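*Asks:* Listed below are the residues making up each chain.
There are 2 protein chains.
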Amino acid sequence: MTQMQYALKGTITKEMMQVATNEELAPEWICSEVAAGRITIPKNINHNFDAVGIGNGLRTKINANIGTSEKHCNQEEEIRKLDISIKYGADSIMDLSTGGDLQKILERVIKHSPVMVGTVPIYKVMANLLMENKTFSQMKPDDIFSEIERQAIMGVDFMTLHCGVTRNSLSFLKNDERILGIVSRGGSLLRRWMEKNNAENPLFEQYDRVLDICEKYDVTISLGDGLRPGAGADASDRGQFAELLILGELVDRARARGVQVIVEGPGHMPLDQIEMNIKLMKKICKQAPFYVLGPLTTDIAPGYDHIVGAIGGAIAAAAGVDFLCYLTPAEHLCLPDEEDVKQGVIASRIAAQSGDIVKGVKSAIRQNNAMSKARRDLNWEAMFNCAIDPEQARKRKSSSESADEDHCTMCGNLCAIKTDRDI
Amino acid sequence: MTQMQYALKGTITKEMMQVATNEELAPEWICSEVAAGRITIPKNINHNFDAVGIGNGLRTKINANIGTSEKHCNQEEEIRKLDISIKYGADSIMDLSTGGDLQKILERVIKHSPVMVGTVPIYKVMANLLMENKTFSQMKPDDIFSEIERQAIMGVDFMTLHCGVTRNSLSFLKNDERILGIVSRGGSLLRRWMEKNNAENPLFEQYDRVLDICEKYDVTISLGDGLRPGAGADASDRGQFAELLILGELVDRARARGVQVIVEGPGHMPLDQIEMNIKLMKKICKQAPFYVLGPLTTDIAPGYDHIVGAIGGAIAAAAGVDFLCYLTPAEHLCLPDEEDVKQGVIASRIAAQSGDIVKGVKSAIRQNNAMSKARRDLNWEAMFNCAIDPEQARKRKSSSESADEDHCTMCGNLCAIKTDRDI
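Top line first, the protein sequences correspond to chains A and B. Residue numbering for the first sequence follows the numbering used here, starting at 182 and increasing by one per position. Residue numbering for the second sequence follows the numbering used here, starting at 182 and increasing by one per position.
Treat the hints with care, since some could be wrong.
Treat identical chains as interchangeable: a pair holds within one or across any two.
Claimed, not checked - Capping the alpha-carbon separation at 20 Å, the derived lysine to any residue pairs in SDA-like fashion look like this:
no.	residue 1	residue 2
1	K463	D453
2	K554	A414
3	K554	I465
4	K599	L361
5	K576	Y388
6	K355	N314
7	K543	T316
8	K190	R575
9	K543	N203
10	K268	G429
Simulated from the structure, these hints should not be mistaken for lab results. Being a predicted model, the structure only gives us computed values, none of them experimental.
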């Protein structure tokens, strides 16, 4: 049975208890929100770890993408990235590997990860076809369902499935010109397959097969946004919302089967469109947990897209987004390295924390106020302890000329806090 | 005559022409906005450089703080920081030096800077008193006016003056408990002086003397927010707004004399309070240009406060803020080094650009769309040219395994743009 099916029967599972404890909320309330689909607890029945919830009333969670690519493939490096992600506070890992022995890498990630693991199964399908010297157009619908089932058996907790890239949504995309077309790998592959085979997206057409598998292993479906805008100028167009309407229907169908589901969102988007998008999505998808990539509020900062993503992510979280996918400084340029992963996770945590203060998440407000009190008391050890990255904060202070002073080298004895305290 | 006085007579100055050209706007419109005080052109009659405007309808500007401190004092390093700030796109430099030969440093900064220069004159007053083994409480009101005049003669373009820290605003602060009290150096010094001397703030009581000097040299007054919140929990309290009401009156009095004026704002502030604060300030101060430090949407990220400041700054700019003061990774820990300055300027530019897209600034939208078109065409040279930091973007791509490919190592041949283009 899935967590949602237990919740619908009023059974409070061990996982719901873990979420309740972690979030300082009542288990009964967690159970009723899971039953309603407003909270999900992505946890495959074949994967053992401490469960974490995503959704209404909970701390905003963050995901770190790791994984090899065709051009850069080193399993050990990816495992190190996983460790770094966990160290700096990721709540979830997605293995997006597309190079090397994908089966082996995913096995290692699932075994090694102390947090939920997500995938995009279509990447593996594509890689298999390439190894057989086939193109993606030659994919058989059964290939994708077999891969979903294989990964479900392995213990994957949530899967991005681009079920909303359909003839209907693509027709709206076609009639509303974009600078960039489709920037989702899954979305662009499915569109190509549909055009070459003159057929509907199998993930949509045979959605019940998806539900069968996900119900069996309690895999949470992450409904992918294959038509997400890849340029600020393309944001909030008819193609994007046509897909969203379909995702809304697919949320209903998953819930009717007791299958847990979250919905993915954009993308590149001007700052003033973010709140509208979040509220619209939450309405259309009946308060399903919402998972965003970015949004990126400007396109001109390659090398610094973790900062751009933190801007959009903070606004999105404050507007109700539940789950942030990190962006690293390498975005749009290359596969991230270990330092990129660290910077990406920290930037996402800043965004999540900024949102959580607005959401009224108790632990976030407590941590924020503890920092302010430590500053009032000029208690540097307490400041370091409250910091997102205590090592970095300590390093900067302790390598300065005021290492052992109660003030810092910015103000010296002109420190406003000291002046104010002396009155 | 000041730029505002020329504008009130309908005279379009060389400076207004420079602003009009730079902003792709009509000189007549610039002139009328300067006359109304909704645009300022900070430029001392004794300082020669290409003028830049701040305010309504213009590109959001960014300021970089440089300057020595008591604990870290190296003039050459500060000049290098100035050069780095300019290289990465700062529109303004504030010399906040508090250590060493302050007169000499400021002279060098004014001479060396190709952009407007700002100061906080009270720092110099304090430093002089310390050299004479006096405390700030022993300051004579004439000391501060002499220093303002000395700096005006030297060519300082704008000065932060904490005129709104008054008996009235301090009484509101006292009755509305904060975690952190006053975190503005100028604000805390003035409060101490007022309490020790049982007197009103001379910058408020003798505001006409301030106006006399600023009118003579066309120094733009930057009305400081001495009571800005230094903790998210302290934001938007009665002390903060009591000061704002006073600043609103002082804006009127400056405008009545033809003296240019901008208003400074917070500070540490939860994300959902930013827009309200900006709109309130703009209303109370009759659309005077608004200059903010941050706002910082969480307190727990020392080492990464440039990211936190970019979140708040982007939201503030989109809501109408005209001028962003940068924050660096060193904020709350130590005096920034050269790398901090670079990171701070770039983060602020990302924030400004994110706001400018919302404001409809043509050059910002053009640059954003040029990047998206370059991405569509997989034209890497064009991407680097559109980037905020072309060197960094180029370095990451060219040091990857896909250095000479049209794709990058993130997706390899699975690149969605390539897939989409091939359809």
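*Asks:* For K463 and D453, with the copy left unspecified, which applies at a CA distance of at most 20 Å: within, between, both, or neither?
*Replies:* Result: close both inside a copy and across copies, 17 Å intra and 19 Å inter.
*Asks:* Can you tell me if K190 and R575 fall within 20 Å by alpha carbon in one copy, between copies, both or neither?
*Replies:* neither (50 Å within a copy, 56 Å between copies)
*Asks:* I want to check one pair: K543 and N203. Are their C-alpha atoms no more than 20 Å apart within a copy, between two copies, both, or neither?
*Replies:* Close inside one copy (11 Å), not across copies (47 Å); limit 20 Å.
*Asks:* Give the relationship of K268 and G429 under a CA distance limit of 20 Å: within one copy only, between copies only, both, or neither.
*Replies:* neither (35 Å within a copy, 48 Å between copies)
*Asks:* Given a CA cutoff of 20 Å, do K599 and L361 count as a within-copy pair, a between-copy pair, both, or neither?
*Replies:* between (54 Å within a copy, 11 Å between copies)
*Asks:* Can you give me the call for K554 and I465, within, between, both or neither, at a CA distance of at most 20 Å?
*Replies:* Neither: 42 Å inside a chain and 32 Å across chains, both beyond 20 Å.
*Asks:* Within, between, both or neither: how does the pair K543, T316 come out at a Cα-Cα threshold of 20 Å?
*Replies:* Classified as neither: same-chain Cα gap 51 Å, cross-chain 43 Å, threshold 20 Å.
*Asks:* Within a copy, between copies, both or neither: which one fits K576 and Y388 at a CA-CA cutoff of 20 Å?
*Replies:* Neither: 52 Å inside a copy, 44 Å across copies.
*Asks:* When no copy is specified for K355 and N314, does a C-alpha distance of 20 Å or less occur within a copy, between copies, both, or neither?
*Replies:* Intra 30 Å, inter 75 Å, cutoff 20 Å: neither.
*Asks:* Could you place K554 and A414 in one of the four classes (within, between, both, neither) given a Cα distance threshold of 20 Å?
*Replies:* This pair counts as between: shortest inter-copy Cα distance 10 Å, intra-copy 43 Å.
Taken one by one, the earlier hints fail for this structure at numbers 3, 5, 6, 7, 8, 10, listed in ascending order.
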